[in-house]
Every structure is written in structure tokens, then in C-alpha cells.
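J.: Line order of the protein sequences matches chains A and B.
Numbering-wise (our numbering), the first sequence opens with residue 1 and increments by one.
Numbering-wise (our numbering), the second sequence opens with residue 1 and increments by one.
Source of the hints: derived by calculation from the structure; they are not laboratory data.
Cβ atoms here follow ideal geometry from the backbone N, Cα and C, with glycine treated the same way.
Check each hint, because a few of them may be wrong.
Covered by chain A, according to a simulated footprint, are these stretches of chain B (three or more residues, beta-carbon under 8 Å) [unchecked claim]:
no.	segment
1	201 to 215
2	221 to 228
3	342 to 355
Reference excerpt, derived from the structure (chain B facing chain A, CB under 10 Å, subset only) [said to hold, decoys possible]:
no.	residue
4	Tyr44
5	Leu48
6	Tyr145
7	Ala150
Next come the chains, spelled out residue by residue.
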Amino acid sequence: MADDRLSTVPTEARKGHRRGSLSQYAVPIFFTVLCVASIIVSDLDINYLIGELLSRMGRNLFIVLSLLIPVTAGIGLNFGIVVGAMSGQIALIIITFMQLKGLGGFLAAMAISVPISTLLGYIVGSVFNRAKGREMITGMIMGFFANGVYQLLFLMLIGTLIPVNMNSPVAKQIMLSNGVGLRNTVDLTSIYYSLDNVFARLFNWNGIIWTDTFGPWRVPLGAFFMSFLLCLFIVFIMKTKKGQDFRAIGQDMAIAEVSGIKVDKVRITAVIYSTVLAAWGQLIFLQNLGSLNTFNAHEQVGMFSVAALLVGGASVKKASIWNAIVGVILFHTLFVVSPLAGQKLFGEPQIGEWFRQLISYSVIAAALAMHAIQSRKKH
Amino acid sequence: MSKTETGEACAPKPRFNLITAIKDLGVARLIILAFVVLLFVVAYAKGLGIQGLISDSIVRVGMNGVLILSMLPAVVCGVGMNFGLPLGILSGLLGGILTINMNLTGWTGFLTALLISVPIAVIVGLLYHMVLDKVRGEEMMVGTYLAYAAVFGMSIFWMLAPIKNPKLIFAVGGKGLRYTISMTDTFGKVLNNFLAFRIGSITVPTGLILFWLLLCLLVYLFLRSKTGLAMLATGSNPAYAVSSGINVGNMKRIGVVMSTVLGAVGIIVFAQSYGFMQLYTAPQTAAFPAIAAILIGGASLRKASISNVIIGAILFQTLLTVAPPVTQALMEGSEISEIARVMISNGMILYALTRATGGR
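Isolated chain B, as found in the complex:
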């Protein structure tokens, strides 16, 4: 994918070798894959509805997919994981709120939400990049806390926003946006229901999956373009990029803006699938599961590809969907799946942090 990989491909390729195949897939991924399979086996043995679990998993993958994809441009351009994802999410939420305030429904609503939030996200992304550019080496930490601050700043905004639409504000008091805003009568499930079909009792939310894969394809094609290749070079070897005449700062700007925009699009996709828009402190920790997912897909802090996004989204989200009902069936009232989620996602991030080599 990147320059180093094409370099490896030039070496004489050995025939199929189990060890290298496993290495390519990654031990962490294999373990989690095995775990997911095990969960499905247990679910089958316990008589849980496998088909229901599968359709839930598909929905969860599609719903979180764009948020996970948003990590890719940031990693590729060399900024590292975008811990400032909530900034993009807040832009998306703002677009969504304004759309619902205009009483737009269905596809019009969904597209308007995108149309409003993308320019906001571009501006936010540009500002965010200006900060990140100054704090090279501390991007992750500064991003995290900047995003936290923004979440609380926006919390104050949600409470004081001059919006009077009864769909959005608290039933009593006459001001302040609600904590969760139902989207069932606006543009909830627009993507999910688009061309949806059923196989047996598995429902496939075609629109949702297609939209995610379409965005993945667009990012993939972008990374193949001239700008995209320049961005890859910036991320993998800044000195080389500079010497070959690439405007490194510009590439990073594009990466950060893309990541923020995808975050905004991602939360709109998420919200329409979930059926609710969650405001206030809900976006605060949104970056961590997305980061964990792309890492589980095989990315590192300095290197990631579309396949990492897709594999990570499928593995991690399936795991998160299947684990709670299965463990619940095994151990009554146990919280093991929640604990496992915390440990797996943070363990993955921790592992990546201790392994990322290379200078800063």
C-alpha cells in the first residue's frame, strides 16, 4: 500500500507459508477472530438467535464504520490517531440539529444534514490543524483535551442555543436541547431502510453498508491519487517528502480536515441508524472505540490502510454486539462483556502506544 510495502513485494515471494500468513493477519486479530467465532458457537449452543445476532452485527458495523474510517486520513498523513474525533462529531451533531430544526425529513433531511455539517467540519478541521501543527509530538494528548473542552463548551451551547422547535427542546422549561433527540419522525433509519432486504430473518441494511463502503472506496481512490500519494509519503517519511517537493504542512492539513469531515459524516450516519442523536457529554469518549477498532484491524499509530478499517470495524463491532447477550446467557447478570470491552479496546491502544517506533 505505502512505499515500504511495494518495496517488500519486490523481494522473492515465498510460496504459501502458514507462519507468514499468520504473521500477516496479526496475532491480535487472530485471537479476536477466534473469540468472535467462539462466541457464535456458544450462542448457537445456548439457543440464542444467531440470525438476530448477525443482523445486529451488520448494523453495528455499518453504523460505526464511517467513524472508524475517519481515523485513516489522520494516521496516513502522519498526525497519528485522531483523538480529536469529538470535534468532527460535534460539527456533525450541529448540522443534524439545524436540519431537524428545519423540520426536514427523509433523504432531504439526511442530505441537508451532511450539506450543513461538512462545511462546519471543514472549518473546525482547519482550526484543529492549526493547533496540531504547532504542537507536533503532542498531537494525541492535545487533541484529546481540546476535544474534551469542546464537548463541554458545546454542552453549554446546547443548553443555551436559541432553538425553539419542540421536537428538540426539553418538554418543560421551554429552552435547552434534550439529552437525546429522537429521529424516528425526521431522518432516522433513512440509510438503513434504503434497499434493505431480508435473507431468512437476517435483515441487511443495504443503504447503510453501501454508504460506508462507498466512502471507503472514495478514500481508497483518493489515496491512489497524486495528492493521496503525497500524503502517504508525508506520513511515512516526512524528510523524504520535503526533499521531493511535497508541501508537508498542506498534506497534514488535508489529512486532518478529511478526518474531521469523516467524523461529522460518521456521527450523522451513526445517529440515523441508532435513531437518536445524543448530545452533551455523549461524544466525549467517542474517539477511543474508533481508535481501538482500526488498531484491531491491524493499523499502527503510523500506518493504516482501508483493509485495516474494514477488518477492524467488522471484528470489533461484531465482538461488541455478540459478547453481551452471550455472556449474559452464560452468567446471569454478569458484567464481564462490558469489562472485556474496556480491557480489549484500551489494551489495544496501549499496545499500539508502546510499539509505535520511529522518530517524531
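So here's chain A without its partners, still in its complex pose:
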């Protein structure tokens, strides 16, 4: 059924697509050049860079991958993953209160985050359905709005509406001293690296030690393994009926509706997947960091992930696992290198930082513009 539809895509549109894919390589190539130039300018120890990149890959790849399904379903870049990240953080705060530790604690956080992020994903998806064609800006504003709700929850309601026993040692550690609201940072040493070095801890028997240190680099194997599983899952789901539906509505919502797909429902499902995965991605991110910046950790998640995916050559309509991988490598190389390059070139690390922001925002703007221009040509 889907193949029939594919063959009816007018050749004009296909040509446009090919042209699009040509320009898709332009962005990664540009960034590769930029990264190499910055590395040369900043005179950086390459071992340090690779080590840094490996840990950043483990930290960020999962959440970038969580953007893929909505893109396939035609929703575009889901800026609403900020909401997912928030649900991950809510789960983390819950397990901190429950004093769960180690891998068990991490898995518990994953489990707890599922119902929260499913509910929030449902809400985000429903709002997106009411704002078709404007999902991205809606997602962005949604992130800002949810941030307000999140602050309300953890600055005002906790300790007042949600009772907290201030005598317990945990509460003393993470609550503000007046008993209302959380501190700005929540210590997560209890689950620090619980996933990253899971293999080193589990397979450490009979003298055969599985290590996660290779040469000068420490590799967060657990996080890589999770990201790998997610890749498999994405490949798998695209082959199922659900994946067909995603692709069908991504191609043309009206045709999909006519051919009996419940478009609104499928779109909500796609957003729920993305939100749950984003929650897990944020958990992976935070167990690597080891501390939770209670009120800011989620703010930039949407922007960074979207920028990384676009830098990897994705577009609003088309994104693959490879786009995500390449994008994370390039974006984070620039992240590490640009302040150093700014320091070397202008004696001012801030300038490098601003330059990186200038570039990443420009990439987002350019990608969105390209998408708009192409979709206008089609109509």
C-alpha cells in the first residue's frame, strides 16, 4: 500500500528531494571544515578532544536520537523534548527522595519517568495537533511554559502542597532550608556513572576484567550500548505497521487520513515515543554528569539536540541515525574547541562561545528556511 503511494509521488517532488539531499551534505562538510580549522587554531591535545568527545557522545546521542521519530512522522523537529527531559528530572528527584542507588536506582528512574513522560507527551502531542504546521514554534514555547510549571512544582509546591519530612537526611540535603522548594543543585553521586560503567562492574570476574578504559580514553560503554539499542529499536519500529503509519503521515497527512490512518492518534503516539525517549536520554545525560542543575539542566536540551541533528545533515523532513551520530560528533567538537579557538584568536574565550552560538542558531535558521523554501516549491 505504501509502495503504491510512493510511486505516485510526482517526479518534480523527487527531484526536489535529490537537490535537498545534495545540500544536506553541505552542512556537515562545512562543519567538518570549521571543526578542523578550530582544532588547528586552538592547538588542542587530540587525545583530550577524543576523550571529551567519547563522553559527550555517550551523554548526548540518546536524546538526539529521540528526535528521529517525530521527524519521520512529519511533525518536524520536536522542540517539546524539553518536556521529556523535565519528566526525566522529576523521576530523578523522586528516586533521590527514595534513596535508591546505583544501577537499580537508575533503572527505577527510567521506570518512573515512563508514566510521567507518557502523560506529558500525550499533552504535547494533543497541543501539536491543534497547531498543525506550527509544531516547532509551539514546541519551543511549550518548553518555556513547561519550565514555568516545573518551577512552580519544585520551588513552590514541594514542601507546601506536597508534604516533605524535613527531618530526613535526604530532605535536608536537597530541600532549601526553609522547607519549601528544592536547592539549585541536587547531588546525584548515588547514581553517578551507574550506567556508563555498568559493564566494568558486571563483568568483573575470575580475573578477566572488562574495562571501560581504552588507552588514554574512558568510554561510557553503558551509554553507548543504550544508544545502540535505541538505534536498533528505531530501525525495528520503522519496519512495523506503526512505522509505516509514521512515514505515511510524514509524506502526506491528507492522503494518510483518506487511506484510513488515524492521523491525530498516530501523531500523538510519535510525540509520546519521543518524549519518553527524551526522558531516558536526560537520565543518561545526568548520570554521566553526577549532579542535577535543578532549574536549568533541561532548558537548552531542545536547542542543542536540534542543532546537533541539523549539523549532522538532517532536515525538518528527513533525519537518519547517521545524521544524529555525525551531528553529535561535529557539534560537540565545536563545543569543546570553539572557546579555545576564541581564546587563541581574540584573547577572549567568550568570543569563541558566541561564535559557536552564532553558528548553531544560524544552522537552525538556515535548515528551517531551506525546508520552507523546498515545501513552497512543491506546492
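Following the hints, position chain B against chain A.
T.: Here is chain B on its own, set in the frame of chain A:
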């Protein structure tokens, strides 16, 4: 105001009806109005200086008014909310910086700042329109990120700009513009102090309010002119506009340029009232409160009028001025007013995004 409204006026008008009156005012506006009144009542009960709150509110309304007004031309010409407002703001800041660099003070300074920044804003607006014209349907998103990129591009410029005036650059290092530039000894408060008078302990910044209302009047008259009516038609019904021989692209260009210019003028008015010019990342999120204000005034993504601007500016800015001290008095050290601000402004934008109907 627009064609559809005159159409409605032709229908037999019912006598005063509370329900329709409420509908006309809008539920959101009523709630916020009630909230503002409640805040004033609480402030009175808590013994806070009501008069002080009122004068602060008036200043805040006048200071943000032009920025809020800048949304109007963009909405009216059919581009939607101008999320690229920081582009206009940056032009205004550039004009202001150059003026201060020339050591101009008082009215000369203020007018020179306008004179320099308006042409810059016109050029920026023309370029901005060229982009928006190509990305129809994604104007808001592209505008947002274009503006973000421009803010950081200009941040680099502020740091490297070849300006040597000690009033402007960092005290140490000898280069780079300061993060906030004091305007007290240049043209700070020029408008605020013009014809200012006091009623009791309420200070009325006559010049500031007059300047804002004057600009509102000019925009209002413009929208009544032939070009303005053509612009309204472009926004409300592009197909109709084309068929009646209106150059739609041109109208949108005028709308976007006007919006950008008003943004530039707006930030100069804002800065002179605030007493400081804020550079670097400060303008990044400036569009959102302005958008929220005009939406609270009753505008939608496709329709707005001067009354939306005025009502929105008064309601939203009064709310923002009164809420922090009142909630502070109620709950020691609480951040509820900041949280409420975030939720109200973004909630309004979100609501408008889910409601804007009509094709693109």
C-alpha cells in the same frame, strides 16, 4: 477595524448585552484584569505604597509600549508575530551606541539616536523581509532563530567594535563595549522628564507616554491610509488582495520594515527610560514579552489593532510591575511572581498558536 469587522457592524446590533460585552473583552483579558485589581487590593491591604506602584506601572507601560506596538504592522500585513524583533532592537542599540560615542546628550542625543538607527533598521528590515518572503509558513521559527543568531553575531561585534570612548568600553582592557551602559549623563530619562508632573506622589512621565501614544496615533492613521488599507487586506485575505490589484509582496515588505523600525525606536525609548543600554545577550528573548502583551490585549496571530496594543501594554506591564512586590509581601522570599510571569506570557503565546486558524 478590518473588513470583517465592518461587515459585522452591518448586522442588526443588539442592545447592551452582558454576555456579548464579556465576549468582546475576552475572557483572558477579564481574568488578567481581575488579577491586576486583586493585586492592587492586596497591595492596599498590606500597606504597600499604591501610588508608587501606579507610577512605576505608568513608566513600565510607556517604556515597553513602542516595542509592543512594533508587533502590530507585522501581524496586520500577514507575517504573524514578529519573533525577529531583536533584529530591530539591535539596530536601535547600534544607533544608541554610536550616539553616545559622539558624546551627544539630552534631546540632541535622543533624536540623533533615532536618526541613526531608523535607516539601519530600514535596511535590516528590508533584508529580513527578503528572508521571510522566501520562508512563508515558517516565518515565526526562522525569525526566532535568525534573531538569536544576530544577537550572538552582534555580541562578537560589541566585543570587537573599534570604539574607544571610555564611557562605553570596559574599565580594564581598553576594548570591548560594556555589558550595560549607563545613560544618566547622556540622554537617559529625556522623554520621562519631558513635561513630567506629579499628582500627589504619582509621577507622570508625560513625554514618555505622549511619545508612545503619538506613535500609536501615527500607526493608526497609517492603517487608515490607502497603503494601510491595502496592507490590512493583504493580511486578512491575500487572495482577495491580489485580485484587487494590490502588490502583496510590497505590502508585506512595508509591514516588516515598519515593525523593525518600531523595534529600533522602541529599544531607544526603553533604554532612555531604564537608564541603561543592555548589550550582548540581553535582547535575545525580547520578542516574547512584547508578543505576550499584544496577545493579552486581544490580538491573534492574524489580527491585531491599536486597541490590542494599548490594552495589552497596560494590562501586562501593570501586572508585571505590581505582582513582584505584592507577592513578596505575601510570601517572604517567594519567586511566585516570576513563575507566574513565565507561565502567563508563554501560556498566552501557546494559546494563540493553537487557535490561529486559516490557511497559510
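J.: If a hint holds in the structure, say so; if it does not, say that too.
T.: Outcome of the hint check:
1. 201 to 215: This one is violated; 0 residues, fewer than the three required, reach chain A with a Cβ under 8 Å.
2. 221 to 228: The restraint on the segment 221 to 228 of chain B is violated, since only 0 of its residues have a Cβ under 8 Å from chain A and three are required.
3. 342 to 355: Per the Cβ count (9), the hint holds.
4. Tyr44: Given a least distance of 24 Å, the restraint on B:Tyr44 is violated.
5. Leu48: Check failed: Cβ of B:Leu48 comes no nearer than 21 Å to chain A, outside 10 Å.
6. Tyr145: Nearest chain A Cβ about 4 Å off; hint holds.
7. Ala150: At about 8 Å, which falls below the 10 Å cut-off, the nearest Cβ of chain A leaves the hint on B:Ala150 intact, so it holds.
Of the numbered hints given earlier, the model fails hints 1, 2, 4, 5; all others are met.
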